[in-house]
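Protein chains in written order, with the UniProt record's numbering: chain F, 1 to 205; chain Z, 1 to 205.
Simulated from the structure, these hints should not be mistaken for laboratory data. All figures in this text were calculated on a predicted structure; none of them were measured in a lab. Among the hints, a few may not be true.
Identical copies go unnamed one by one, so any copy, or any two together, can satisfy a pair.
Stated by the list, open to error - Subject to a maximum C-alpha distance of 27 Å in a straight line, what follows is the list of computed DSS-like cross-link-like pairs (lysine-lysine):
id, residue 1, residue 2
1, Lys55, Lys65
2, Lys65, Lys109
3, Lys109, Lys37
4, Lys37, Lys55
Number of protein chains: 2
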Amino acid sequence: MTSDTAAADAAPRGRRGRPGNDREHVLAVAVALFIEKGYDATSVADLADRLGVTKSALYHHFSSKDELLGLALDDALTALEGVFDEPAAEAGAQLERVIRGAVGVLVEKLPEVTLLLRVRGNGPVEQAALERRRAFDHRVTEVVTRAQDEAMLRPDVDPAVATRLVFGMVNSLTEWYRPGGALDADSLADAVLAQALEGLRPRRP
Amino acid sequence: MTSDTAAADAAPRGRRGRPGNDREHVLAVAVALFIEKGYDATSVADLADRLGVTKSALYHHFSSKDELLGLALDDALTALEGVFDEPAAEAGAQLERVIRGAVGVLVEKLPEVTLLLRVRGNGPVEQAALERRRAFDHRVTEVVTRAQDEAMLRPDVDPAVATRLVFGMVNSLTEWYRPGGALDADSLADAVLAQALEGLRPRRP
């Protein structure tokens, strides 16, 4: 049995014999297992067991557990960084686009972002991911600051604290949002935007 | 060397020979290690190493790793549940008290709450803690619903979603708040309350 076939045996039907999909499948199962058991507590043997393949079959696809983690985190971070790809003329509109985009990424890449949010900086792969998260936060904080300059946001909030609290709301989705629930990505983004921008207290007309 | 002395050797000065404090010290070091390495990836041998004591010295204080986890989670949950101890006549005021109280608990018991928020339900101790977290969320959701009935909160938000988003903000403090920073518990609570209730967009006078 070649390692390709071994990995394909564990893959859903229709993937057999498609090495690219095998690789994606192994990565998806690895991310699910890292979330379930924690990255540090998951061994390559655990992953091989879950996939029903041998360790050497796994090493045909990936050089290390770290490579799997790095790929999953890069996937989440690249998608998040993409929310800046379409700049708006006004920072207020840009902020809405960033928040809506981030909610969309969380819904679309829920396992990868969940894993990203659990990264604590153990080892170089996690440290590099934390560095990119910090750079992302800085870019959002800049948008918040510009939106304040435009008088689109209240002047009496600290832009860095406001950014962290808004992303506290966004990131909490990984804790309670489940695909197929009552709320889709757009409704979730509406709820987050309404609460972040308008607040819970009624506004007078 | 008795086990008490062994544990005291690892404790900060001034705790030597005070068994009650030894127990607290072991628990505090265990919580820090669980946060650093993850609960599942931490062995009793790791904890004994960190404390500079033998495993049998540890077992003099605690029967199992699970007991340490259970005590830490109970500490966090009991403090959080305490935010309902002083009910307010109006639900709007009660909600402010609950949010301010929860921020205070996070600041005061940062390691224990951090650990609580990482619990995924692996094993009966974690499952019991998740059940208490859910009961807490339900009580907050009830206060949000009553505050809507009083017209203190906007009628067009879902109380359960609003509760989750507000606690997303509150819980994010465990990610970025560091003791001794620029913001104390009261300023943090002010920032969370202002952002949750008033929103980031300027209100007309």
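Practice task
Could you place Lys65 and Lys109 in one of the four classes (within, between, both, neither) given a Cα distance threshold of 27 Å?
Solution key: within (20 Å within a copy, 34 Å between copies)
Handout entry: Within, between, both or neither, where Lys55 and Lys65 count as close if Cα-Cα is 27 Å or less
Key = Result: close within a single copy only, 11 Å intra versus 30 Å inter.
Handout entry: Alpha-carbon proximity context of Lys37 and Lys55, limit 27 Å
Key = both (18 Å within a copy, 24 Å between copies)
Problem - Lys109 and Lys37: within-copy, between-copy, both or neither at 27 Å Cα - result: Result: close both inside a copy and across copies, 19 Å intra and 25 Å inter.
Checked against the numbered hints listed earlier, the structure breaks none of them; every hint is satisfied.
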